[in-house]
Amino acid sequence: LEEPLLFEIGHSETTGVDLPEPQGGGNRLGGFERTAAIGLPGLSEPETVRHYTRLSRQNYAIDLGLFPLGSCTMKHNPRLNEKVARMPGFADVHPLQPVDTVRGALEVINELAFWLIDLTGMHGVAMSPKAGAHGELCGILCIRAALEARGDAREVILVPESAHGTNPATAAFAGYRVENIPANSDGRVDLEALKARLGPDVAGVMITNPNTCGLFERDMKAISDAVHAAGGFVYCDGANFNAIVGKVRPGDLGVDAMHINLHKTFSTPHGGGGPGSGPVVLSEALAPFGPLPFTARTADGVVHLVEEENAAEFDHTRAFGRMTAFHGQMGMFTRALAYILSHGADGLKQVAEDAVLNANYILRSLEDVLDAPFGHSGPCMHEALFSDKGFAEGLSTLDLAKAMIDEGYHPMTMYFPLVVHGAMLVEPTETESKAALDQFITALRSVAERAKAGDETLKTAPHYAPRRRLDETLAARKPVLAFTEPDDI
Amino acid sequence: LEEPLLFEIGHSETTGVDLPEPQGGGNRLGGFERTAAIGLPGLSEPETVRHYTRLSRQNYAIDLGLFPLGSCTMKHNPRLNEKVARMPGFADVHPLQPVDTVRGALEVINELAFWLIDLTGMHGVAMSPKAGAHGELCGILCIRAALEARGDAREVILVPESAHGTNPATAAFAGYRVENIPANSDGRVDLEALKARLGPDVAGVMITNPNTCGLFERDMKAISDAVHAAGGFVYCDGANFNAIVGKVRPGDLGVDAMHINLHKTFSTPHGGGGPGSGPVVLSEALAPFGPLPFTARTADGVVHLVEEENAAEFDHTRAFGRMTAFHGQMGMFTRALAYILSHGADGLKQVAEDAVLNANYILRSLEDVLDAPFGHSGPCMHEALFSDKGFAEGLSTLDLAKAMIDEGYHPMTMYFPLVVHGAMLVEPTETESKAALDQFITALRSVAERAKAGDETLKTAPHYAPRRRLDETLAARKPVLAFTEPDDI
Amino acid sequence: MRYLPLTDTDRLAMLARIGAPDIDALFADVPEEARLSGPIPGLPMHASEMAVEKHMRQLSKKNLAAADAAFFLGAGAYRHHVPATVDHIIQRGEFLTAYTPYQPEIAQGTLQMLFEFQSQVARLYGCAVANASMYDGSTACWEAVAMAGRVTKRKRVVLSGALHPHYAEVVRTMAKFTEDEIAGASPALQSQPDNAGLIARIDDQTSCVVVQYPDILGRIPDLAEIAEAAHAKGALLIAVNTEPVALGAIKSPGELGADIVVGEGQSIGVGLQFGGPYLGLFAVRDPKHVRQMPGRLCGETVDAEGKRGFVLTLSTREQHIRREKATSNICTNSGLCALAFSVHMTLLGEKGLRQLAAENHRLACAAADRLAKVPGVKLLNDSFFNEFTVLIDGDARAIVRQLTEQNVLAGVSLGRLFPGHSELANGLLVAVTETTTEEDIETLASALEEVLA
Amino acid sequence: MRYLPLTDTDRLAMLARIGAPDIDALFADVPEEARLSGPIPGLPMHASEMAVEKHMRQLSKKNLAAADAAFFLGAGAYRHHVPATVDHIIQRGEFLTAYTPYQPEIAQGTLQMLFEFQSQVARLYGCAVANASMYDGSTACWEAVAMAGRVTKRKRVVLSGALHPHYAEVVRTMAKFTEDEIAGASPALQSQPDNAGLIARIDDQTSCVVVQYPDILGRIPDLAEIAEAAHAKGALLIAVNTEPVALGAIKSPGELGADIVVGEGQSIGVGLQFGGPYLGLFAVRDPKHVRQMPGRLCGETVDAEGKRGFVLTLSTREQHIRREKATSNICTNSGLCALAFSVHMTLLGEKGLRQLAAENHRLACAAADRLAKVPGVKLLNDSFFNEFTVLIDGDARAIVRQLTEQNVLAGVSLGRLFPGHSELANGLLVAVTETTTEEDIETLASALEEVLA
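Going down the list, the protein sequences come from chains A, B, C and D. With our numbering applied, the first sequence corresponds to residues 1 to 489, in that order. With our numbering applied, the second sequence corresponds to residues 490 to 978, in that order. With our numbering applied, the third sequence corresponds to residues 979 to 1431, in that order. With our numbering applied, the fourth sequence corresponds to residues 1432 to 1884, in that order.
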């Protein structure tokens, strides 16, 4: 069933709320009263529920099936966390209430901060960044502030070629020049190449560990030591923290800054593209430069809000500034804290183990039909990487991925990392059962075999989705980004 | 996508809760410890969410589309009401708490009772019946108790042939013999036939108004007067109250008892078959016999719970007994009260008017392609009745109804009322927009035309539903009513 | 009016199509003198969501919620932790706003769920077949009695004195109109149920014996002994269970020979809700009794393409088909509550249910031991699961009321349950679940110590 | 561990298929010395849902919820009534647990919603195109400044003194690293915004002027005048709105000549949430600027069968494609908050939004009039929508803190917002919405009377 646009079914006179008709009363609008129509369609409540319920059913979601998106960690979102985030003491408090009336909210932030530091073996954490990329920026700005504080202007950030696209973007945004570091044949950072490039112009490296080939960077500690010896800092992209949470602490590997996607490892819902939350854990060297505001617990157990006015009191005068209004993503903090406490120390360790177990199970169950370019490099971590080697002429990773839609799955991450041709990065996560994995493996085997056999129907997949392939070129060439009334055209 | 049975995917060792392993502690079970396995499969939380989310998507629901079920009043369920029912002061209180700790809950019951009496023009109300049929039984038991109280044992209940099946069932259950009263050519009760049958053996009549042909019983007051004159009582089936709420009060028409389906007129959700709620409003003559418990508000504004122990205090010693443990469907009461207050006096009147307007719109938009047997009898009330007259040989109402599934609709009520051949009873309700009605009319026109033209594909409809027609005969002949392990067979 | 989509423009256009001059013309069949000329008097005009929510919240706040008290009430309604997932699922529009699944092609979600629910209940009760739910435990109990009459063609019903008094009252009320003869009693305050006395009341006119398990005082009767005695006289044993969690720890009634097992399912998934909606469970041990069962049944079958599917079946028993020949008055079931039960039971699984039962029993034992140490308090029960009776030096009902001032909801007094029986006035039923903390137990014990000092 | 489906049996079977002796073998690449031998120290073991819920509820209860106070806070976050329908929709698993809609064939629900959202925001702002949302108002404000730099190739930014100080601080922080030159100021306590002063600061090196509308003191600046002055120097006007409800009563910034309109969308659908997640809105008046916009854009297209459909488009601007050449750092948006906004806005419609705005303004006028009668309190504003500044005989910040003891949350003191500015210390920002009652207003006025007496 097709669902029309809101603008095709709504009317400016229809409303789904019951508000009083405007009464007399004062008018202090200073002569700026709105006169023209706004053009906002309204629906009654029954129509609204139906419109959005119908729309929702055109989506795929974790609640419907496995989401094998490498590097994106689409895992189950616990329902308790949704309930907790809606408790009036969290949902119905204003960010600028006097601090004595929000000590509980500050305790949530502080308690979550404490566990993030504990889990990563770091020294401090900046809680306010609003998403992963925002967290990356925060980390790089800490590095820049630390270098500037010692009067050491450096220009270059080194990034392995398998990095997330956000890494070089972030570095560039913060005013750095980006240089790539190659990978070795194992799919890991080439340690010698890195060492050779280090020098007084290098502010730091941005590294992802486990890396985007799904492998643990064995030489991480050596990399960190080399970078530190050259006066630089180590930024670790934390998008893959799910594989090692509770098993290894980045702080023990020499990392100086790492953002944590609460919406990945700590399971706050993706919501169709946000909101995310990207706290950044910081080493002792970088912690003094973390942005405002943050929370601090004094010896008497009271949690304080540290802002511009009282930063000196908490010995934090070198903060590089403020990344956002207010205190960050409270709604994500409550969910992440509930998640951490639910799993506990034993559960988080089990998370990493099951995530890695599930990924290796997929890798080893499929490497006979799909090329696994780093299958020889040892066990993978929480994601399995395949290439399009062996596909019949004319069939691509895209075709295979779209065919997976017809099998009832979301496609895997495609064409990433760039170091592998036609890459397919599969991350099952720990919240999939063995039965779900077996079903997925069967489906992927079947599609892979058809890709190798040259089944032309793959090229027009999906066939059974709410839409066939969409014309993205048309969308970009003649952008239609807002509804216009038919008679306006 | 097919969803396996819980018993095919669950394991007795899997659980979606985290409870402590059984510790030592005492054992006072008196030697009745369970030893054998129960055989209950468990799922983790992610699997549970997915199992039920997938199952849910095989259902049709009001949130997805129009539900044209005559006599069942499937209207929009406001989301506020769901929120209200979950307030801790309603959801988390025990029915046997000391009354001083539940005055608010008692006030809800009392306030709702007050408005139900007000809206129906009656004298009292029994709140505890748990569903419509339970309410019918309550009403008939009140009649029986009232007759017994005056030492007047009567044996017969008169029921028009268009009555709901529950009416004769209820009368029989209460020990009465049921006799039918015919309809006249207009589709209404034959007043003269009724009068002719009245006599000292007739305990009362059960009548539905508006009736199941969708018509208002014009002679209702005359019927009531005649029944009363013959010493009987008038029971009105309230399933169709949606058509007249706020427009006419049954009490003004001489009704002695009427159940109200809170899940119909007052919009508590059907939930795939309940829970319902069936309070019964009672006339002055019947009110003294209403069952326990109930609430009473004294002049000081305090609301009391009236039970066996204090019935005398509230002058209610003639109650016929107790229909259920505790106080009835509290969760439905909160929803219904929120609904009544939201609509208010003006809104409820508008409900009836829009419900009737929508039904007449459908009747008049389709009577050229579908036979409307009582189209000549005047406007219909909130439902429009059609017959299968004119369908091609071999095609039935069932075929048309199943074909409506392929058009994206739930079938209408079929083969009811029995007075019309191949009846189709369509009740759009007031929560459908004109656009939704127009779309429905177009779909039904198209299917009706195909039925008249003899389109054989209708016989195998639906074609696009989660299932094709199901073998109900097989299900009844060899009942499989519980899962058995494959190896048990 | 936020729930009404029609605009005035729509209304005019529709009247024009109908050919009616105004809306009143459509109500022409309603005698003019009966028609209300304006909005119904008394009721206020429509109100905003915010205003209604505020009003309801104010009413809600006049109640003492269990979460805000030390809470020990049971007697047929138990407070358990319900996982958040349960509420999430039952609020799915496709479950919440679906109709009774009479059209199976577009109701497989509800139907498969009901089939799974029936299977879960049957296993829990140790029975062959369970139905798709009843209104609640008390009405299920009456339906079982009525069914026993149909099966045995006898009219004499023996109720155990330790049956929940509301249940007994419902049975008595309904039986008045069906001419069944009800023999009941009130419970004696003994440490063991009086099986011998009950068995003595069974004769060869008895259609059924109704026994609660665990009983209203929390004691666990030996059902097997009663089953044997009943069967020897050709009577059926109806077992009534008001706390399904208990069946994670003690043997199922079916296993012990009960012929019909009924009960209240509220403990699993449903919540307290001031008494309703609740969830009646109904099962029979012997599949040959299926066609005498009340209520809806969901059965497995295949569709026209041979795919497995589910339908409501054996509906010729039901009143909307059979009219005056129906086997029972029940029509609506508790579909959404059955879903809540089934989701919660799925989350528990066998392992979780057993752990939950063990935790309930452990805490109840701790509470019983602690309360027995309070001067003036004596534990009645030899056996119990998560609820037991204590005898207090004083009027238990008055004491319960008095303790509410300290936010202690101490339990259900037998005086409240059996208002006519002064011999029971010093009895107090205390229920303990996994939601009870050690601190709650200490609070209750201290409060009792104080009030009895 | 309730979120983990694997059983130990599964784990063994899987290890066998993999050919690994145990789970540690899969972590062989992690240097042994870095591997934790047991569970991470400090953190407790896993906990039941009931235990976690109880812990979180205890923390929650340490906060004074707005509903339990007479509440007058604003300053960029406003308390409005959000219909229950909004939360119902955003909790649909298909919206809540969906991924970013990169695979449009199975994400049309999210995509169509975003297209509708963009259209609603564009109309509300009087612009041609809006994006699919930003993190919040403050980061959207910075992104607008950065975009103005790209469009004008200039580096001088003029911030109005009456811009929210957090927003100004975010702009200043980010600009440090991009070498933009920021000229700001603090607001003067005048009844009218100082347009002349602001205009005087625009020169031909100015990339943009950033003006809040209504401003941080609640005053409504004449945007048209500023737009004209900015355009005359080749600069862009960036209008910042923190209260979208206002735009139901006053002219849209686009209508008045703003080139980029950004703001906080939290008021519609999102709720207070102690500051996040919120919803950044971003729109441009002139479609030619689309390719310089940050953030995601959803566009209409057709599928292979010619059916209308929606996709994320113009993504070559974005960093996951463009890497170091991206136009902005933003990647994630506020998808679920955008949904909440769009649902709430759909329920309102034009009629509801206008009524809502009128009701806010009516109550704000009543509050201003009442407070102005309190001895020692003076109303600053000539114009305002639902928030205004009063000057108090005393330190407003201390008074606000003092009033919390009576459960009065009196507003946001300018001392809290501008901690370095003692000249603002007697200013208090008071916000009034439809959730404010006449009784709340009276409570505040009386409390102020008492404290100032």
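If you are wondering where the hints come from, they were derived from the structure by calculation, not from laboratory data. Where is the CB? At the ideal position from N, CA and C, for every residue including glycine. Possibly wrong hints are sitting among the right ones.
As the list claims (entries may be wrong) - Label-pair distances were calculated between CB atoms; the ranges are: (1) A:PRO182 - D:ALA1631: 52 to 62 angstroms; (2) B:VAL791 - C:ALA1376: 17 to 27 angstroms; (3) D:GLN1623 - C:PRO999: 48 to 58 angstroms; (4) D:ARG1488 - B:VAL791: 29 to 39 angstroms; (5) D:LYS1485 - C:THR987: 45 to 55 angstroms; (6) D:ARG1488 - C:ALA1178: 34 to 44 angstroms.
What the hints assert, rightly or not - Straight line, CA to CA, 16 angstroms or less: simulated EDC-like cross-link-like pairs of lysine to aspartate or glutamate: (7) A:LYS452 - A:ASP371; (8) A:LYS434 - B:GLU497; (9) D:LYS1738 - A:ASP471.
Evaluated hints:
1. The supplied range of 52 to 62 angstroms is met by A:PRO182 and D:ALA1631, whose beta-carbon atoms lie about 55 angstroms from each other.
2. The hinted window of 17 to 27 angstroms between B:VAL791 and C:ALA1376 holds, with their beta carbons roughly 19 angstroms apart.
3. Checked against the hint of 48 to 58 angstroms, the pair D:GLN1623 and C:PRO999 passes, with Cβ atoms roughly 57 angstroms apart.
4. Taking the beta carbon of each, D:ARG1488 and B:VAL791 are about 32 angstroms apart, inside 29 to 39 angstroms as hinted.
5. Between D:LYS1485 and C:THR987 the CB atoms are about 54 angstroms apart, so this pair conforms to the stated range of 45 to 55 angstroms.
6. Against the hinted window of 34 to 44 angstroms, the Cβ-Cβ separation of D:ARG1488 and C:ALA1178 comes to about 53 angstroms, which falls outside the hint.
7. Proximity of A:LYS452 to A:ASP371 is assessed by CA-CA distance (about 11 angstroms); at most 16 angstroms being required, the pair is judged to hold.
8. For the suggested pair A:LYS434 and B:GLU497, the alpha carbons sit about 13 angstroms apart, so the restraint of at most 16 angstroms is met.
9. For the hint linking D:LYS1738 to A:ASP471, the alpha-carbon distance of about 10 angstroms falls within 16 angstroms, and the restraint holds.
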